[in-house]
Structure formats: structure tokens, C-alpha cells
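*Asks:* Residue numbers (UniProt numbering), protein chains in the order written: chain A, 1 to 811; chain B, 1 to 400.
Keep in mind the hints are simulated off the structure, nothing from the lab. Cβ atoms here follow ideal geometry from the backbone N, Cα and C, with glycine treated the same way. Among the clues, some could well be false.
As the list claims (entries may be wrong) - Now the in silico label distances, taken between C-beta atoms and shown as ranges:
no.: 1; chain 1: A; residue 1: G319; chain 2: B; residue 2: Q87; range: 36 to 44 Å
no.: 2; chain 1: A; residue 1: T694; chain 2: B; residue 2: I58; range: 40 to 48 Å
no.: 3; chain 1: A; residue 1: V584; chain 2: B; residue 2: L204; range: 45 to 53 Å
no.: 4; chain 1: A; residue 1: N789; chain 2: B; residue 2: D86; range: 56 to 64 Å
no.: 5; chain 1: A; residue 1: F231; chain 2: B; residue 2: L204; range: 35 to 43 Å
no.: 6; chain 1: B; residue 1: N135; chain 2: A; residue 2: V584; range: 43 to 51 Å
no.: 7; chain 1: A; residue 1: L148; chain 2: B; residue 2: A185; range: 40 to 48 Å
no.: 8; chain 1: A; residue 1: E544; chain 2: B; residue 2: S134; range: 41 to 49 Å
no.: 9; chain 1: A; residue 1: P646; chain 2: B; residue 2: D86; range: 38 to 46 Å
no.: 10; chain 1: B; residue 1: A185; chain 2: A; residue 2: A757; range: 51 to 59 Å
no.: 11; chain 1: B; residue 1: D123; chain 2: A; residue 2: N789; range: 40 to 48 Å
no.: 12; chain 1: B; residue 1: S382; chain 2: A; residue 2: V584; range: 22 to 30 Å
no.: 13; chain 1: A; residue 1: D645; chain 2: B; residue 2: A43; range: 34 to 42 Å
no.: 14; chain 1: A; residue 1: Q676; chain 2: B; residue 2: N135; range: 46 to 54 Å
To be verified - One-sided excerpt, in silico: chain A residues whose CB lies under 7 Å from chain B:
no.: 15; residue: G580
no.: 16; residue: D583
no.: 17; residue: L601
no.: 18; residue: G602
no.: 19; residue: N628
no.: 20; residue: D643
What the hints assert, rightly or not - Here are a few chain A residues that face chain B, going by a calculated C-beta distance under 10 Å:
no.: 21; residue: F362
no.: 22; residue: F542
no.: 23; residue: N654
no.: 24; residue: G674
no.: 25; residue: Q676
no.: 26; residue: T678
no.: 27; residue: A757
no.: 28; residue: G758
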Amino acid sequence: MKNVLIALLASVALLNGCGGGSDTETLPPSNQQPTDGNYNGPAPATTDVQRFKLNLWDNLEAVNRCGACHNTDQAPYFVRDDDINLAYTETNPLVDLERPGDSRLVVKVGGGHNCWLDSDTACAETMTQWISNWAGGTLGGDGNEVELTDPVIREPGASKSFPLEPDNYINTIYPIVREYCAQCHSDDAAIPQSPYFASADTSTAYEAAKSKIDLDTPSRSRLVVRLRSEFHNCWSNCSSDADEMETAIQAFSDAIDLTEIDPELVLSKAVRLTDGVVASSGGRFEENLVALYQFKTGEGNTAYDTSGLEPAANLTISGDVEWLGSWGLMINSGKAQASTASSRKLHSLITATGEYSIEGWFAPANVTQEGPARIVSYSAGTTDRNFTLGQTLYNYDFLNRSSTTDRNGEPALSTPDADEILQATLQHVVVTFDPVNGRQIYVNGELIPLTDIEAGGTIGSWDDSYALVLGNEVSSDRQWSGSVRLLAIHNRLLTPEQIKQNFDAGVGEKFFLLFSVGDLINLPRTYVVFEVSQFDNYSYLFAEPYLINLDGAALTDSLPIEGMRLGINGKEANVGQAYGNLDVTVDAGTSLAEARVLSSLGTLVGLEKGPESDEFFLTFERFAGHENVYVEPIPVPPGPPADQDPQPDIGMRNFAEINASMSVMTGVATTADGVQETYLTVQQQLPSVINIETFLSSHQMAVTQLAIKYCDALVEDSSLRTAYFPGFDFSVSANAAFDATGRSQIIDPLVENMLGAGLATQPDAADVESELNDLIDRLTVCADGCDANRTRTVVKASCAAVLGSAAMLFQ
Amino acid sequence: MTRLLVAALLIGGVTISGPLQAGSQEQAKRLHDRLAGVPPTPATLATMATAIDGGDAIGAAYTAMESEHFYNVTLKLFAAPWTNRDQSVFVPFNDYIATVIGMIRDDIDFRQVLQGDILYTGDGSLGLPAYSVSNNAHYEAMEAADVNLKTGLVQSTQSSVTGLPAEATAGVMTTRGAAKSFFIAGTNRAMFRFTLMNHMCRDLEQVHDTSRMPDRIRQDVTRSPGGDSRVFMNNCVGCHNGMDPLAQAFAYYNYEYDADADPTGENGRLIYNSSGQLDPDTGSRVVKKYRINANNFIYGYVTENDDWDNYWREGTNALLGWDNSLPGSGRGAKTMGQELAHSEAFAQCQVEKVFENVCLRPPVDGADRAQVTSMVNSFKASGYKMKQVFAESAVYCMGE
């Protein structure tokens with residue numbers, strides 16, 4: 001199988017090429033077809049030379065890449081084509097197989113030396129990948145082997161910080177960018193191009209511009225550099241345009257006061273992110289990459305495939321998609337899509353092995369999107385695909401077209417609903433397919449236990465005319481919102497160990513920042529070291545601080561460290577002081593040759609001016625003999641709240657009070673037959689709040705129902721009714737029962753028990769009696785003589801009329 | 001029947017009185033209405049009116065609270081919303097509600113509500129199903145029979161009835177009713193949040209303070225919701241930095257139930273990992289839910305025990321009035337409940353809840369606020385007796 005792969009690699013690697021160049025500014029020919037790739041010299045002498053040829057030389061020798069000059073015209077001749085073994089010898093000094101990213105070849109193209117792509121970063125990454133592929137299994141060092149070096153010692157200085165409000169920006173820089181840059185760098189542009197520092201919304205514009213402005217050295221601002229050195233869409237003369245921009249930024253900066261450092265603080269020395277030692281992000285397993293996106297470019301409309309495997313399936317970005325300073329794309333609404341031609345390599349390389357893995361670091365924007373919303377897809381629309389990784393609410397969905405599914409890859413394999421595996425946070429996701437296990441899903445390094453009906457299927461039916469797309473379906477109707485920090489496609493099954501390895505390696509660029517504390521304890525080269533990375537566009541992650549001495553010295557005295565805080569640009573950060581409670585003592589005699597861990601915690605610090613400019617330092621409440629007691633300001637109690645509008649003095653009874661009141665007023669138990677049942681039926685229709693302004697007609701309907709039930713229970717129970725209406729003869733016909741005596745025997749108990757006697761806040765008893773008399777009059781008119789039940793019915797009605805009235809309801 | 005109904009409605013519509021100057025009779029009626037929820041009998045009304053005329057309105061209020069309906073109606077609905085996440089009053093009677101009612105009835109120092117080894121059950125003579133740690137039948141039977149709660153509730157201890165170790169009891173927080181609502185699934189933060197809402201009268205927004213140290217925020221809290229860390233830095237951190245170190249007090253508690261067969265946990269039970277009882281997932285007494293979703297932020301805090309710390313003793317939440325005689329940190333729910341219950345905010349909250357319950361409105365102006373302050377002081381001075389707060393509130397709102 002491996003032979004097949006190598007053959008394929010060789011065949012696709014030689015399809016095209018671009019130019020190389022030299023320090024003498026010989027520009028490479030552009031738009032030139034690559035050579036045929038035939039090599040007619042002596043055979044590679046060793047397997048390593050063979051690896052060199054396949055992985056690096058074949059990619060570089062094209063006449064529109066390095067081959068334009070470094071073949072025979074310009075030393076070093078590392079792409080000479082007369083003898084691959086001599087080219088190998090020439091190349092060895094130019095590469096670092098342990099740390100491919102440090103190779104001279106990478107540094108040169110990354111520095112802009114005749115990069116054959118629009119992005120120097122992409123050239124550097126691609127070159128790194130080629131060298132890594134050559135190095136193969138010899139790679140894999142982990143981050144712990146980084147050699148720390150002394151940083152530039154800076155005194156924490158007074159510094160400028162961006163003001164909160166955009167007013168200053170609106171008056172200085174914004175008029176220029178709004179006039180000249182808004183055609184692209186605005187979210188309302190025809191083809192919006194982030195960052196939106198010229199947005200019509202000034203707050204949006206200001207936020208986007210911050211990272212492009214250097215407050216301390218305006219000439220180093222990205223807004224200036226782009227014009228002056230990179231000739232990026234100047235509106236008249238690049239030099240004068242850059243001057244105009246620099247003047248505006250200078251004016252912006254001049255209007256900002258310096259933040260002075262509190263002289264009482266116990267301080268470390270200061271560092272910037274760029275002073276940090278890059279922590280190797282090595283350790284990733286990438287033996288079988290077919291496409292790799294690291295999103296390091298940071299600008300433009302192309303996300304480069306830096307797998308080094310030609311043709312590069314570069315993604316064209318469209319819609320509302322932002323670059324992340326921490327490397328990545330934030331897809332709000334839009335997508336990044338490769339051409340069908342360049343996507344074809346996925347088809348050929350994956351069907352050749354019959355298995356594959358898609359790996360990514362994703363941060364879904366929410367847990368409400370569905371469709372499935374397409375995170376990454378190799379498809380032709382909503383009904384035809386080779387594979388798709390998608391999101392439905394809290395689930396990852398994996399669709400793969402195989403011999404056991406339809407052409408849409410359905411049914412999907414999804415993570416279980418109840419487990420809520422998908423979270424709206426950065427997650428490492430790997431989905432794999434192979435004929436034996438079918439589909440599998442790993443999240444954050446762990447296999448999600450699922451059973452796939454696709455096991456035993458094959459992917460021979462894949463279609464090579466589909467396109468790889470990120471963030472949406474190719475038909476743009478299955479939008480996914482979220483961030484993608486890395487995407488890698490492998491044409492082999494990643495093993496659980498390899499997945500764990502890649503998860504542990506993390507994503508993005510990490511630095512070790514060395515905060516010098518040597519002068520606080522008279523032990524030079526003593527540092528508090530943090531692992532720091534840009535977390536996203538808005539913050540830095542500081543993690544796992546430790547103490548070390550680069551001379552390997554030991555402490556002469558015990559070293560108490562208390563209350564460590566992170567400072568940024570002249571002040572302590574407002575949010576994120578996770579080490580403020582630190583309280584450790586390192587014993588005298590402790591060797592600091594090895595890291596002495598201070599905390600396993602990590603915390604975020606808000607990004608202010610950008611990774612190039614933000615200056616960090618540490619403060620301590622106590623460090624050795626130095627002390628600065630941190631005093632919390634005493635909070636001021638708020639004043640009394642404003643008076644509210646007067647509120648009603650009376651209210652309704654709520655459901656339970658109504659029920660209990662009716663029971664009290666009638667003498668019928670709440671548990672009486674039928675009553676309890678009716679109460680439970682209408683309970684939630686009765687008033688549940690006492691505010692009289694919430695009274696509804698539906699409340700009255702329920703009150704009436706319950707009142708009738710209580711009165712029914714009262715009248716139908718002979719002992720209860722005899723006690724309640726003493727003397728009244730219920731056996732007499734209604735025509736006769738309600739004479740003056742009878743009426744009094746009914747109305748008087750009702751008024752006494754339900755209204756109470758002589759209460760000015762209750763309805764007037766005479767009014768109520770009059771109403772009841774009228775009611776009885778109306779109800780005792782029977783055309784053909786009243787039947788035997790009529791008497792009880794009239795009493796019930798009279799009872800319910802009072803019981804269900806405001807006399808009961810209000811309190 | 002339709003005609004009868006219409007007639008009933010008609011008479012209901014004509015009997016609304018206008019505002020009137022209230023005499024002692026009317027004041028007595030309102031006292032009784034507001035406290036017991038039902039109108040008084042003529043005899044009770046007369047007794048109360050006489051007391052009011054004699055200058056003992058508080059005594060009249062205590063007379064009203066002699067009604068069983070003060071317990072069966074007013075207090076039952078007073079406590080019911082505290083026992084469920086929807087804050088609904090339409091919930092079955094349970095041990096949380098019963099315990100609140102019993103404590104008020106017996107004039108127990110109400111601060112015990114968050115720390116005491118106390119439980120109220122139905123009297124043995126009532127023929128109820130026995131109290132069970134794994135169902136609510138005992139209390140539902142009391143409700144179905146409309147048992148007189150003034151006489152039918154018996155004081156007991158959780159440790160003797162439920163078998164929870166005495167040191168693990170924390171008032172209503174460790175009742176089955178509370179556990180079923182707030183220890184079920186999730187991360188146990190719900191128990192803290194709802195306790196804060198119900199007994200400190202503050203939701204998390206009101207205690208939001210981003211300046212506290214975030215060192216105790218657990219790993220499960222994502223630091224970049226939706227990929228945007230500003231949301232965390234401006235919002236999430238402001239609650240979690242104070243809540244997580246306090247909610248750590250519940251690290252040994254869980255509500256165990258069969259999520260498949262019994263998804264609402266009707267037959268679930270509160271469990272507590274006593275010394276030596278180790279959770280198989282954490283290898284410690286800490287329950288698994290405290291360590292879930294660790295990869296959301298691997299550098300977050302890993303809970304090792306039930307030590308709690310009150311970070312809100314400093315910063316703007318110092319205004320909640322913490323008890324300086326307490327250390328502000330400790331182990332387990334009992335002392336954390338004590339920390340909350342001894343705060344000024346707790347006393348203030350109980351008074352405001354009663355005020356609104358009895359006056360049918362919140363305090364709205366300076367006079368109301370002064371009354372609340374006065375009641376808070378007498379509540380504290382008289383040993384935190386809730387009936388006294390009910391009486392004073394009712395008298396304040398009984399009309400002039």
C-alpha cells in the first residue's frame with residue numbers, strides 16, 4: 001500500500017511549480033509551466049537521498065520555484081539536476097531536520113525571498129512541511145525539550161493603552177481609512193475583506209483597527225507598513241500615503257496619556273510575546289497528510305493548503321469570514337472552498353488507501369445550529385457527498401459515502417444526544433473511516449463509543465468531481481458558524497495513540513515568556529517562566545508558571561512568593577489574576593536547574609495593543625524580602641434606589657387561598673367528594689399571583705366553577721346544609737320555599753359567613769341581599785311548577801353568587 | 001346552568017367597594033386575610049379587633065397565625081417556589097417545604113435553614129407512608145389528605161431520618177426535595193445559584209464582579225464561548241470566580257437516579273460521599289460531576305475536596321454584610337450555609353420576602369425601606385424568628 005502512496009505522491013507532486021530567486025533580485029519567471037519532472041541523473045545513493053528527492057527536491061526544482069536560479073545560476077545549487085546526490089549534499093546545510101521550521105530554506109522564503117505564493121507565511125509553511133516529510137520519523141520532539149535563552153531585559157515602562165471609546169480614532173485615523181479602504185475593509189463592502197477597520201460602524205472599525213496600530217512606534221503600525229513596504233492598494237503615492245497614515249496614527253497616539261507604573265509595586269522585568277522562546281509545536285503525527293490548513297496567513301482571501309502535497313488544495317474564502325490572530329478562521333457566515341480540480345487529490349489519495357481521517361480544532365459558535373451545519377465537507381450539494389463532518393446542536397455528525405450508505409453518506413453517525421459532546425468551545429475532533437471499523441469519532445483525544453452500521457463498507461463509489469469546503473455546503477445552504485484553528489486530512493487511519501498525540505500537541509503558536517526576577521534575589525538569570533499563546537483575537541493564555549535559573553544555581557535563602565499578578569502595558573490586568581492567591585515558599589538550597597512549578601493553572605489576559613506591542617510584567621505582594629501589600633478598595637454602598645410608582649394596596653387571593661377560603665366560608669372540607677377533583681382541575685386557571693392588575697376573565701371562570709362545586713357539596717350534604725341554613729326546608733318546592741322566611745334563612749347565613757358583619761371594606765350587605773333576592777326571584781319562576789330539585793339548585797346558585805364574588809376574591 | 005353562571009358573574013361584578021378608612025375590624029380582617037389567606041371567623045375577628053383597639057396589633061397578628069391556614073396555605077406557597085428550578089408554586093408538597101413551615105411554626109432561629117440538622121415529617125399518628133429517601137410519597141399523602149400542618153408536622157433530624165451524617169446536613173439544602181431539584185445532573189452549581197436566589201434574594205447578575213480571582217473556576221467552564229474569549233472575560237468570569245469556590249462545598253453530594261427509566265428522578269436519592277467513600281471516577285470523595293468536561297479548559301481548577309472560600313468578602317460583594325466572626329472559608333455545605341445565613345443579605349432577604357408576601361407588593365419608597373430596615377434589626381435582635389417578621393409586616397400593611 002505504501003508503494004501506491006509514494007507513486008501517487010510523486011505523480012501529483014510534479015504537476016506544477018512556481019519560481020525561485022536569489023539575493024541578487026533575479027526575479028523568477030512567472031506563470032511558467034513546471035518542468036516535466038523527469039530526472040535523468042544518477043540514482044539516489046541512499047534511501048535518505050530518495051526521501052529528499054521525493055519530498056523536497058521534486059517540489060523545488062520547477063523553474064518557477066527555486067529551480068529558476070539555484071539549479072546552475074545561483075549558489076547554493078540545492079536543486080541542481082545533474083546529480084541528485086550532489087543536490088542532497090548542497091541542501092543539507094540549508095535544512096534542520098530536527099526543527100524543520102528553523103531551516104535556512106524556510107527562513108528565506110518566509111522572509112519574502114521570492115515566495116511563489118501570495119503569502120510568505122504559506123511558502124514558509126509549505127517548505128517546512130516538505131522538509132518535515134523528508135525528515136519523516138526522525139521528527140517528533142516534544143515541547144519540553146526547548147532550550148530557554150535569556151530574553152532582552154526590559155524595564156516595565158510607562159505605556160500607552162487604547163482608550164475604551166473610539167472618539168480619538170474617529171477624529172484621526174478613521175477619516176483616512178473610511179475614504180480609501182472602505183471599498184474592501186468594511187463589512188458593508190461589496191466583497192467584504194476583514195479586518196473591518198473602515199466599517200461604517202465606528203465601534204467595529206475601532207476594534208478591528210487596534211491590532212493594526214502600534215501606539216509606541218506609529219511607523220511600525222501594520223496600517224503604515226502595508227502601504228510603505230508592501231505597496232498594498234495605495235491611493236496615490238505609496239510613500240506619501242504611508243506618511244499620511246503615520247501622521248494620523250501619531251496624532252492618535254499623542255492624544256493618549258502614558259499609564260505610569262505604580263512605584264510601590266514589586267516587579268519582575270518586562271517582556272513582549274515576541275521576546276519569548278517559541279515552544280516547539282512538534283510532536284504532531286503527520287505521516288499521511290494529504291491536506292493541511294494551519295491558517296497562519298492572517299489576511300487575504302486564500303487559506304493555503306500547506307501539506308506540501310501538490311496540487312495544493314487552497315481554499316478561497318468568501319462571505320463574512322475573519323482571520324484569527326491566534327491562527328485560524330472565524331466563519332460567521334460564509335465559507336472557504338477549494339476548486340474541484342485541486343480537491344481531486346483527496347479522492348485519488350483516499351480511495352487508494354480506502355481509509356482516511358479528518359482532524360481539526362474547531363470552536364462551534366453555538367450549540368443551536370443544525371442541518372447538519374457543515375464544518376468540513378467534500379461534496380457537491382445537499383444530496384451528494386463523499387464525506388461531511390457537521391454539527392447538529394450538541395452533536396457532531398459524520399457522513400461518509402460507502403457501499404453501505406446512500407450517495408449522501410446517510411445515515412449519519414452522530415455523537416449521542418444526551419452526552420452533549422459538542423460544546424461551543426475549542427475542541428479537537430477526529431473522524432476516521434476504514435472498512436473494518438467503519439466510522440469513528442474522537443473528541444479531545446477520546447473515542448466516543450458508537451456502533452457504526454457502515455463497518456464492512458468501502459469507499460469505491462466516491463466521486464472525484466466534488467469540492468472540499470469549510471463552513472458551509474458547496475451550495476451555500478448549510479451554514480456553520482464557528483472557528484477553525486486547524487484542519488488536517490490524512491489518508492490513513494489515525495490510531496488512538498496518534499490522535500492523543502496530536503491532541504496533546506495542541507494548536508497554535510506557543511511561547512515561553514521569561515520574566516526576570518533575578519535582581520529581586522540577587523541570583524542572576526532567575527526567571528518565572530510562563531507558557532503563553534494568543535488564545536484568540538481578544539486574549540492571551542498564560543499557563544503553568546515555573547521558576548528556573550538558567551545557570552542551574554540553587555537558592556541561598558528560602559524564597560517566599562505570594563500574590564503574583566500579571567501586568568500588561570504599565571498596569572495590572574483587571575481580569576484574570578489567577579495567581580493572586582499564590583502562596584509558596586521555595587526552600588533554601590533548592591536547585592533551580594530544573595523547573596520549580598509554581599502553579600498548574602492557566603488564565604486569560606485581555607489583548608490590548610496586539611502581540612507585537614503588548615508588554616507584560618509580573619507583580620508580587622511578596623517576593624523574598626520585597627513586599628507590597630495589596631489593598632482592596634472598600635466598596636461604597638449604593639444610595640437608596642429611586643422610589644417606584646405606588647402599587648395597589650389590595651390584591652387577589654391566589655389559588656390556594658381561594659380554595660381554603662371557600663372551604664372556610666362554606667364549611668365544606670377541601671377534601672370533600674368532587675371538590676378536590678374540581679380544584680385540581682382548575683387550580684392552574686385560578687390566579688397564581690396576587691397582583692390585582694393581572695386579573696383575567698379566565699380567573700373568574702375558574703373561581704365560579706370552584707364556587708359552584710363548593711356550594712353543591714354544601715347543599716347536597718344534608719347535615720352540612722342543615723347546620724349552615726338552620727330552619728330552611730329543602731324538601732319544599734321552589735315556588736313555596738323562598739317566602740320571606742325562607743329567603744332570610746338562606747341569605748342571612750350567606751351574608752354572615754361570606755361577607756362578615758359590619759366590615760366597611762366588604763360589599764354592602766344590603767346591596768348583596770337585594771341582588772340575591774332578585775336572583776331568587778328570577779330562578780323561582782317555573783312555567784309548569786318547579787321540580788323537587790329546583791329548591792336546592794336555587795340555594796346553590798345563591799351561594800355560588802356570593803362565594804365566587806369579590807367578597808371572597810379580594811384581600 | 002349557564003344562566004346561573006351568568007347570574008353569579010353579575011353579582012360578582014357589583015360588589016367592589018371603594019377605598020375606605022379602615023377601623024380595627026377592617027384592619028383585623030386584612031391581617032387575617034394576609035397572614036392566613038382566608039377570612040377570619042366572627043369570633044376571631046372580634047378578638048383581633050379588640051387587641052388592635054388595645055394597641056396590640058402584633059398580638060392580633062399572632063392570633064391570625066394561629067390559623068392552620070397560615071401553615072397550610074400561606075407558608076406552603078411561600079416556600080414552594082424555592083424548591084424547584086422553575087420557581088413554580090405548583091409543585092408537590094415535599095420535605096423542603098415542610099421543614100421551612102415547621103421551623104417558622106416552632107420559632108427556630110431561621111439561620112438554621114441553611115445549616116441545621118433538621119427535618120420535619122408527618123406525625124406518626126396520621127397513618128402516612130413512612131418517610132423515604134427515594135420517593136416523596138410521605139409528603140404527597142399529607143397534601144392529598146390536606147393534613148393540618150400546624151399540628152401534623154413533627155420536628156426531627158436529617159441524620160436520624162435519612163441517615164445523612166450529621167456533619168453533612170445543611171438545612172434545606174440537604175433535603176431530598178432540594179437535592180432532586182438542584183443536585184440532579186449538572187455540576188451542583190444549581191444548588192448554589194438557587195440558594196443565592198431564594199435566601200439571599202440575588203441572582204448571579206447581582207453579584208457579578210470580574211475583579212475577583214478566577215483561580216477556582218473549574219475546567220468545565222469554557223474560556224472562549226463560541227470562540228470569543230471576551231464573553232468569558234466580561235461575563236462568565238464575573239459569576240464563576242465567586243460561585244465556584246463557594247459551590248465547592250457541595251463536592252461530595254449527588255442526586256442518584258436512573259436517567260433512562262426515571263428521567264425526572266422521582267425515585268432518586270441524595271447521596272453523600274462520607275470519609276472513605278471514594279468516587280470511582282475521581283478516586284476521591286469528590287463526585288464525578290465536578291470533573292466533567294475537563295478538556296474545555298485544561299488549565300482550570302481541579303476540585304480535590306469540599307473546601308470552600310468566600311471571595312465575595314472583598315470587592316463590591318463585601319456589601320452583602322458578611323459575619324466578621326466567621327472565617328470566610330471552611331469545609332462542606334454546613335459551614336458554607338452558615339456563611340450565607342449569617343450575612344446581612346440573608347436577613348434582609350427574609351424580611352423582604354415576607355414583606356412582599358404580606359403586603360402584596362415590594363417595598364417601594366423611603367417609608368417602606370425604613371420599615372424593612374427596622375424589621376431586619378428586630379429579626380436579628382430577636383433570634384431570627386420568622387413569625388415576628390410576618391406579624392410586623394402584616395401590621396405595617398394592615399391599613400390605617
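*Asks:* All hints are to be evaluated individually against the structure, with a verdict given for each.
*Replies:* Hints and how they fare:
Between G319 of chain A and Q87 of chain B, the C-beta spacing of about 43 Å keeps the proposed range 36 to 44 Å intact. Checking the proposed 40 to 48 Å range against T694 of chain A and I58 of chain B shows it is violated: the Cβ atoms sit about 31 Å from each other. Look at V584 of chain A against L204 of chain B: about 31 Å separates their beta carbons, and that is not inside 45 to 53 Å. Our hint of 56 to 64 Å for N789 of chain A and D86 of chain B is violated, since their Cβ atoms are close to 44 Å apart.
Judged by the Cβ atoms, the range 35 to 43 Å given for F231 of chain A and L204 of chain B is violated: they are separated by roughly 53 Å. At roughly 50 Å, the beta-carbon separation of N135 of chain B and V584 of chain A lies within the given 43 to 51 Å, and the hint holds. Restraint check, L148 of chain A to A185 of chain B: a C-beta distance of roughly 45 Å satisfies the suggested window 40 to 48 Å. In this structure the hint that E544 of chain A and S134 of chain B lie 41 to 49 Å apart at CB holds, the actual value being about 44 Å.
Our hint of 38 to 46 Å for P646 of chain A and D86 of chain B is violated, since their Cβ atoms are close to 31 Å apart. For A185 of chain B and A757 of chain A, the hinted distance range of 51 to 59 Å is satisfied, since their beta carbons lie about 56 Å from each other. Checking the proposed 40 to 48 Å range against D123 of chain B and N789 of chain A shows it holds: the Cβ atoms sit about 42 Å from each other. Taken as a hint, the range 22 to 30 Å is violated for the pair S382 of chain B and V584 of chain A, whose Cβ atoms sit roughly 48 Å apart.
Separated by about 39 Å at the C-beta atoms, D645 of chain A and A43 of chain B satisfy the suggested range of 34 to 42 Å. In this structure the hint that Q676 of chain A and N135 of chain B lie 46 to 54 Å apart at CB is violated, the actual value being about 22 Å. Hint status for G580 of chain A relative to chain B: holds, with the closest Cβ pair at about 4 Å, below 7 Å. The restraint placing D583 of chain A at the interface with chain B is violated, with a minimum CB-CB distance near 11 Å, outside the 7 Å limit.
The interface hint given for L601 of chain A holds, since its Cβ lies 6 Å from the closest Cβ of chain B, which is under the 7 Å cut-off. For G602 of chain A, the interface hint holds, the least distance from its beta-carbon to any beta-carbon of chain B being 3 Å, beneath 7 Å. About 17 Å separates the beta-carbon of N628 of chain A from the nearest beta-carbon of chain B, more than 7 Å, and the hint is not met. Hint status for D643 of chain A: holds, given a least beta-carbon distance of 4 Å to chain B, under 7 Å.
With 10 Å as the threshold, the beta carbon of F362 of chain A comes within range of chain B, its nearest partner Cβ sitting at about 9 Å, so the hint holds. With a least beta-carbon distance of about 9 Å to chain B, the hint placing F542 of chain A at the interface is held under the 10 Å criterion. About 7 Å separates the beta-carbon of N654 of chain A from the nearest beta-carbon of chain B, less than 10 Å, and the hint is met. With a least beta-carbon distance of about 15 Å to chain B, the hint placing G674 of chain A at the interface is violated under the 10 Å criterion.
Checking Q676 of chain A against chain B: minimum C-beta separation of about 8 Å stays under 10 Å; hint holds. Interface hint at T678 of chain A: violated, since its Cβ lies 14 Å from the closest Cβ of chain B, which is beyond the 10 Å cut-off. Using the Cβ-Cβ criterion of 10 Å, the hint placing A757 of chain A at the interface with chain B is satisfied: the shortest such distance is roughly 6 Å. Interface hint at G758 of chain A: satisfied, since its Cβ lies 6 Å from the closest Cβ of chain B, which is below the 10 Å cut-off.
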